[in-house]
Amino acid sequence: MSSCMIQREVVVKNRAGLHTRPAASLVKLAAKFKSDFFIDKDGFEINGKSIIGVMTLAAEQGSKLALRFTGEDEEQAATAVCELIERGFDEA
Amino acid sequence: MSTKADSAAREEVVLKGIPASQGIAIGPVFLIHKMDPVIEERSILPEEVGREISRLEQAIARSHKELRKILDFAEKKLSDDKIKIFEAQLMILEDSVLFDSIYGRIRNELKNAEFVVHDEIGKYHRVMLASKDEYTRERAHDVEDVRNRILRNLQEQKLISRLEGSSVIVSYNLTAADALILSRNEVLGYATDIGGVTSHTALVSRALKIPAVVGLRNVSHVVHDADRVILDGYAGRLILNPSAESIKRYEAKRERYHEFEARLAGLRDLPAETLDGRRVDLSANVEFEQELEFIKIQGADGIGLYRSEYLLVGKEVFPSEEEQFEHYKVLAETMYPKRVIIRTFDVGGDKVMMEPVREGNPFLGWRGIRVMLDKPDIFIEQLRAILRASTKKNVSVMFPMISTIEEVRHAKKFLEEAKHQLRNEGVPYDPRIKVGVMIEVPSAAVMAEDMAEEVTFLSVGTNDLIQYLLAVDRGNDIVSDLYQEFHPAVIRFLRRIVERGKKKNAWVGMCGEMAGDPLATILLLGLGLDEFSVVPNVLPEIKKIIRSVKYKEAQRITKRVLTMQTAGEVRTYLKKVMKKKFPDIPID
Chain A
1 MSSCMIQREV VVKNRAGLHT RPAASLVKLA AKFKSDFFID KDGFEINGKS
51 IIGVMTLAAE QGSKLALRFT GEDEEQAATA VCELIERGFD EA
Chain B
1 MSTKADSAAR EEVVLKGIPA SQGIAIGPVF LIHKMDPVIE ERSILPEEVG
51 REISRLEQAI ARSHKELRKI LDFAEKKLSD DKIKIFEAQL MILEDSVLFD
101 SIYGRIRNEL KNAEFVVHDE IGKYHRVMLA SKDEYTRERA HDVEDVRNRI
151 LRNLQEQKLI SRLEGSSVIV SYNLTAADAL ILSRNEVLGY ATDIGGVTSH
201 TALVSRALKI PAVVGLRNVS HVVHDADRVI LDGYAGRLIL NPSAESIKRY
251 EAKRERYHEF EARLAGLRDL PAETLDGRRV DLSANVEFEQ ELEFIKIQGA
301 DGIGLYRSEY LLVGKEVFPS EEEQFEHYKV LAETMYPKRV IIRTFDVGGD
351 KVMMEPVREG NPFLGWRGIR VMLDKPDIFI EQLRAILRAS TKKNVSVMFP
401 MISTIEEVRH AKKFLEEAKH QLRNEGVPYD PRIKVGVMIE VPSAAVMAED
451 MAEEVTFLSV GTNDLIQYLL AVDRGNDIVS DLYQEFHPAV IRFLRRIVER
501 GKKKNAWVGM CGEMAGDPLA TILLLGLGLD EFSVVPNVLP EIKKIIRSVK
551 YKEAQRITKR VLTMQTAGEV RTYLKKVMKK KFPDIPID
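Residue numbers (my numbering), protein chains in the order written: chain A, 1 to 92; chain B, 1 to 588.
For reference, chain A alone in the conformation it holds in the complex (with noise of 0.2 Å):
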């Protein structure tokens, strides 16, 4: 294991939150990337590659995320997944 870890501080701006929609398309995106992801919700932390991990986070809009990336393409993953969210899902 290398000793590399990409940790980023998110807040979540869209609307809806990590409501089941944007939850899809952020695994969705994690997916492509073969570094592990996780987030950390005030201390709960959960697999973000896992669709009923991430419903069960109950982000709501103005929660902060604490995302954490390990693996060969951390700088990749970290950022897509970054830009995703700080786009609000790209939702309306």
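When the alpha-carbon atoms are kept at most 20 Å apart in a straight line, the in silico DMTMM-like pairs for lysine to aspartate or glutamate are as follows:
no.: 1; chain 1: B; residue 1: K132; chain 2: A; residue 2: D40
no.: 2; chain 1: B; residue 1: K550; chain 2: B; residue 2: D517
no.: 3; chain 1: A; residue 1: K64; chain 2: B; residue 2: D133
no.: 4; chain 1: B; residue 1: K84; chain 2: A; residue 2: D90
no.: 5; chain 1: B; residue 1: K123; chain 2: A; residue 2: E45
no.: 6; chain 1: A; residue 1: K13; chain 2: B; residue 2: D377
no.: 7; chain 1: B; residue 1: K544; chain 2: B; residue 2: E259
no.: 8; chain 1: A; residue 1: K32; chain 2: B; residue 2: E94
no.: 9; chain 1: B; residue 1: K123; chain 2: A; residue 2: D42
no.: 10; chain 1: B; residue 1: K84; chain 2: A; residue 2: E60
no.: 11; chain 1: B; residue 1: K132; chain 2: A; residue 2: E45
no.: 12; chain 1: A; residue 1: K28; chain 2: B; residue 2: D100
no.: 13; chain 1: A; residue 1: K13; chain 2: B; residue 2: E134
no.: 14; chain 1: B; residue 1: K132; chain 2: A; residue 2: E60
no.: 15; chain 1: B; residue 1: K576; chain 2: B; residue 2: D517
no.: 16; chain 1: A; residue 1: K41; chain 2: B; residue 2: D133
no.: 17; chain 1: A; residue 1: K13; chain 2: A; residue 2: E60
no.: 18; chain 1: A; residue 1: K28; chain 2: B; residue 2: E87
no.: 19; chain 1: B; residue 1: K375; chain 2: A; residue 2: E60
no.: 20; chain 1: B; residue 1: K132; chain 2: A; residue 2: D42
no.: 21; chain 1: A; residue 1: K32; chain 2: B; residue 2: D100
no.: 22; chain 1: A; residue 1: K13; chain 2: B; residue 2: D133
no.: 23; chain 1: B; residue 1: K434; chain 2: B; residue 2: E417
no.: 24; chain 1: B; residue 1: K392; chain 2: B; residue 2: E323
no.: 25; chain 1: A; residue 1: K41; chain 2: B; residue 2: E134
Rather than coming from a laboratory, the hints here were simulated on the basis of the structure.
Got chain A sorted already, so can you dock chain B onto it with the hints?
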């Protein structure tokens, strides 16, 4: 065996629930047991791991196939929002992180698949159920549904989707998937223990036009398979072991509704006018666009209450201005030139809430206009959408749950702001759009005269007004007897609202349930009400009553009622009047 004698001896039992979808069903019960599956914890040998895992793989594949089928079927029958429920369930079935950990636990802990599936998914289910987010708690049911589907397939139980003959389905609860699958058979009606008007059962049954009563509490324990029942989707009742007389009565009721529909050709285009020429507006309360056709057939003078919060059902966010505009435009255009009163989102209380708030007493809490005034962006978006739909000048806007004059002024300011924005953008709207308030809080009723100075019309919401005036929660069985429409205080209060409102030239209507109670029609007419807005199915009946009396006579009857001191006296008297004048309208 004397089953016949037994059932003849069985007493008729009436269960009260919430009417979720209109219609009357008479037939045998088909009971669906939806209890938590019984899961045995069993240790397996290392050499059995392979078999256990392949068993689980097969169960997942079968569940996947079932859900795909349901989704295909749903796509044909239901709207986008409801389809999402099934999409989410399919995604869970495809969650490789989840199933990798389940396979891992079977290998490491050497436990049977049923136990591990139940335990592992149960962890997520529990976290979701405990969430403060209402949306997440709702989704917990979807998670449970998927889990039970896998477990059922593991235990190789057959899906109950084929019924023998036509039946009334009785269950603790039905998921949207159950209701939909079952509807492919001859389902006469649905009755469930839990659920409200916005539950999956209610939404699906309305879409499928099958009578349904939900919230019957313990109906699934009280009835047995093949018991005979009557399901009254108008009044929200289930009658178990109905007597021959009840069956006859309900067959007549069903017949009467059918007949009314047929007879309407004659009544439909006639005004709601008394014999001596007093004309009132008889309009309809509407929740869904699908009802528009029906209310036109029913001969409504317009929509007296469009409950815009129904646009929020099954939604994760408030719909955009554009999306709302599309809906409001359909209402305005379909009903043109008749009037459409759009009530701004009435969230909270027992109604849809878009965000989690735990309140000790939601009925006295953050609801109706109080929520919207705290959410200017959303409120303005809605007002803009309403204004944009008002170009034909037949749209009015109404604010719910008003308790102070400041709220009315504040809400009107937002309306002006919305107009201002549209004007600057060059977007057309009706600059003279009429504004009204709901009178459902006693303080607003007391201030009726002042309210009337602020707006064009007042519309009395009796359900809440009576609850607040009499301090009775009608959903509370212990005290619900005290919820009395005909309480003299209610009637005297109504007189005051009508008198004071009209004094300031506002017109006064009523959109609460009382407006659609045939026993109250003459009384309300006599009080001087200008508009009745009722559930569409009672419209012809109310019109018939209005057209058969003189206003003078109604006033005389009302005057007498106003001297009475108990609800019992009022009811007895009105029943007598009705029996004499309308022997063919059965009054409960």
